[in-house]
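Residue numbers (the numbering used here), protein chains in the order written: chain A, 1 to 400; chain B, 1001 to 1235; chain C, 2001 to 2326; chain D, 3001 to 3290.
Bear in mind the hints are in silico, worked out from the structure with no lab data behind them.
Result set (DSS-like, lysine-lysine): computed pairs, CA atoms no more than 30 Å apart in a straight line:
(1) Lys137/A to Lys125/A
(2) Lys2144/C to Lys142/A
(3) Lys137/A to Lys2132/C
Facing chain C, according to a computed beta carbon distance under 10 Å, are these residues of chain A, among others:
(4) Lys88
(5) Met92
(6) Asp182
Quick caveat, the model's predicted, so the values are computed rather than measured.
Positions of the beta carbon are idealized from the N, C-alpha and C atoms, including for glycine.
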Amino acid sequence: MKRLVPIAALLAAALASPAAVAQKKYDPGASDTEIKIGNTNPYSGPASAYGTIGKVIAAYFKMLNEQGGINGRKISFISYDDGYSPPKTVEMARKLVEQDQVLFLFQTLGTPPNTAIHKYMNMKKVPQLHVATGASKWNDPKNFPWTMGWQPNYHTEGEIYAKHILQTKPNAKIGVLYQNDDYGKDLLKGLKDGLGAKAAGMIVKEASYEVSDPTVDSQIIQLQGSGADVFVNITTPKFAAQAVRKVYDIGWKPVHYLNNVGSSVGSVLVPAGLEKAVGVITTEYLKDFTDSRWANDPAVKTWAAFMKKYYPEGDLADRSNMYGYTAAKTLEQVLRQAGDNLTRTNIIKQAASMKGYRVDTLLPGISMTTSDDDFAPIEAVQLERFNGKQFELFGEVMGK
Amino acid sequence: MLLEVKDLHASYGSTRVLHGIDLGMEEGSITALLGANGAGKTTTLRALCAMVKTTGTVSFAGQRIDGRATEDIVRLGIAHVPDGRGTFANLTTEENLRLGAYVRRDRHAIEGDLQRVYGYFPRLKERRAQQAGTLSGGEQQMLALSRALMLRPRLLLLDEPSFGLAPMIVRELFDILRAVKQAERVSMLLVEQSAALALDFADRAYLIETGRIVLSGTAQDIRRDDAVRRSYLGY
Amino acid sequence: MTKKNFLVSIIFLLVVCALPFLVSDYRLFQLTLVLVYAIALLGLNMLTGYNGQISLGHGAFYAIGAYCAAILMDKYGVPYWATIPLAGIVCLVAGFLFGLPALRLEGLYLALATFALGVSLPQLLKYHHLEKWTGGVQGIVIAKPDAPAVFAQAGLPLSADHWLYYFTLAVTITMFVLGRNLLRGRVGRAMLAIRDNPIAAQAMGVDNALYKSLTFGVSAMYTGVAGALGAIAVQFVAPDSFNIFLSLAFLVGIVVGGLASIPGAIYGALFIQFVPNIADSISKAAPWAIFGVFMLVFVYVLPAGVAGAVQMALSRVRRNPRRVVP
Amino acid sequence: MDAFLHQVFAGLATGGIYASLALALVMIYQATHLVNFAQGEMAMFCTYIAWSLMNAGMGYWPAFLLTVAFGFALGVAIERLVIRPVRHAPVLSTVVVFIALLVILNSVTGWIYSYTIKPFPSPFPASSFLGNRFMSPHELGSIGITFIVLALLYAFFRFTPLGLAMRAAAQNPESSRLVGIRVGWMLALGWGLASAIGAIAGMMIAPIVYLDPNMMGGILLYAFAAALLGGIDSPGGAVLGGFAMGVLENLLGAFVIGNELKLGVALVLIVGVLVVRPSGFFGKVHVTRV
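With the rest of the complex left out, here is chain A (with noise of 0.2 Å):
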């Protein structure tokens, strides 16, 4: 008996998809003619330079528009500006949900403010989908059965170091660098979780830095200073270029370890000096435009043009504006998915039922899954290690 419950299970599911539902059904936010979605995102403030996601996304959407919107609907996209700030995140919120009545919110930015919002959207059950931030507390449907995260989160790029380690260097002595705020802390405890009991003899410094220190000089002398052959960089772009150079003119060679968020090739590596960044370890699940072997990849190729056509001023060097592209992609498939059932419980409902569905931008291998107690629709990583002019894959894919 215990075998004909998944196949009822996919049959259900084969029955919900779009050809099944005939009528149309709506929310606020939801007609005929529109799918009104909403969007905060720090256009001004400390964190001004995420603001290019926001300004993607809306091209992606201009151009989805121009090519007959979705099943002959129009997206308007609205978002407002909250400069990373948790007060004026929550009132732009309750703007998009009260006033403007958008059917969900999509891709908001940054931990802190998304915190700010978490109970509130819940309580008014529309979707908080796609999140834009690293955060591991997303993924839980059970607690917040309205928000679901959407790019490899921090917590799962610690714990794959930490398997990487175990498995090639089990008695590393490992440095660590980490920004000291929600991003850099969640990543440093997943390594640790990752490492287990062995985490307090392995990690033998632990070295944090402000985003308005100048430069993070003393603290990779501290790291080299305390004897680590390992080193685990977890920088934003800026002070990973400079921890990449420091390491290297200092003469210090640990095995280095540098987070997805600081290892773009042209707006990290090239900085600080291609030769300096050989044997560079990194987890990546999107394709890099700046790196040589995607150059005639023909889904960058589509990026790079649609680029130039609907967002000439985004800079193609910027991570940022594929990372946004890739997540616009992600929802257009949701809402084909949804078709005329327009309601906030379908969305949540089709979006929670990705099986392996890919984006061309994603690397090879990595595809997004979700289901009723998985609201985590990318979790697959690929380790790469960059030879001096681009990134190698290696290994299988890690994790889910």
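Use these hints to put chains B, C and D onto chain A, whose structure you have.
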């Protein structure tokens, strides 16, 4: 006629202080401007240097100067020793003096003038590297006068040099002013409260009351005038 | 308070009380934030406008107040209304203690000391030894209070937003009335005297040191109370909510609103709450730049701040040109 | 011991960064008696101009000189167009104008040049005699340039009549007019020089921290502290203050209280120093007769 003032009005914001005064000075003359407190003596000097809003005409050595900025008027050779002495407190005494010669083209002559001024006021030489703010009232008055002399002015405007000084210091100051009068061939417009002091120094005088010139003439005529004697000379 | 003034403030009060039923909940939330900022700006105005001590770090006291409320509610289950006075007292003490060393600092040096406080406090909140209380980088999520049952029985069901608005309104009114009496009375005159001529004030028997540190304490108390109210309204506190730009926004608020003026705090609060939204609606390219341009325009057009302009307009209307507070 | 030396030299390197910007802050203070919050963003903006010139093919030194000239012009323009209109308003209005300038320059630069970091060339050859194990040639070279600028500045204020006039104009505008100084233009000159020094500082800092719109954000605070620590009206004091800040911050971070509280403790020390010596170590104590 070195200085000619016709129908000069001046006001601070909306309150009018000078109500159309007329004034004239020949080259080389020493003229005193007498009057009680608040009569408009200081305002007159400030009006000449465009430090206050004015209407009416002021001409110096034949040129109209009433529309010009203070800095340009100074360049014509008019030096002003302001009330309160205008000392640059945080600069040294010598720096104050060098500023006096800021606009002069003949840079080489400045060193010579510096020594000449130290000649008049040896005390300033002792204090040359000291912060001007720490000088005594008398010393700051000497500094203000010396700074004005560093410009080698054609007309020297003196605003109550005796203000706040002990009588002995005032006598010393006026003796030096007499020496300057001979040596420098400079005309002076002296604003003073103590009429006696001013009248025996100047050769001509004007009396101003509530913003109007009420009396003018040679120093002797003014001293003999009964009204002046009673209200300003006190005998 | 002339009879006419009294009438005007009564009408103003009625309008303000009726608001919840005229506007949407979202707009009400914005107005609640305006009230919160108004209290903080009144506090800063006391210190900088009335007493002349420039503070570039008042966001720190706002944060201390917010964290007091959040920790008391989250860890010790203190009812929300009780956290307001407690936060006020904590900040009064914090302000007074910070005021003491500040006594020896004038103008720029005090500005730097407070700027340093404003910059280093968020880092302190993330310190791992304090994580047990402050929740470290994750911050603290707190519940929004519901309207007390008595209203529901009285047949007047108030939503949480309505109740929060009225609660904040009540606190704001008490703080403003207290402030007005303080500033209009002897203490206010002493503060102004210290600002305009500290040496003369001292010569006339004003104990500068005591007044200056007391002003610092009271100003911090006001800002702390505002922080507590803000935390309850937003239901979340995190180090990122209190960065240095919050302190700079407060300074912009009192200057644009009008220095040394009580209504100025309200105008300033409206400015820092709504102008960024307007800037955002104008363009996504560089909304911060537009906010900057708004700041420049307000400072040029209204050198004495909005309150100064209103006072000038009123006095011209009443034809008795009252002294415009600088 | 080696680690200690490393930290001290790294501290001198970052200290050099603070010192160069602190010099610009002191310069603007001497001309205007105000500390300009937007000084960092002005320096950053000028550095982007240099980057654009070099991107368009211009050599390093021509671009360097052109940028310094641009910086001077920018400073004069800001004084004439933005600062003069508020010269009669209360002092805090000017502080708000500075904040507005900071926000505008940061946001506009981010919009034009995007936020991805850009490498910035260094005038010093990579492996010259200057470099040693502890400091890169550029770090040593930029400290050298900072001292050259300091010397020029010292000479300018000490020996040129223009420098003396500028100090006089800032202190006593009315008396300055009475000796013929065009006070308005002195302010513009002060802003121009400060902005030019800022541009030099920017071009020295960018190769170390990489060029991005938020490059100067954190540095401004330390430069502000360095200037006041050394004495806000003494260029030499500001430079020494900068180095003290850099070394102090590193040693505290590495050996005493760890990196988490480095910022807070460094600043508490500053306030402590100021409480003891309100006008900084080398600042002239101003005696005013009441």
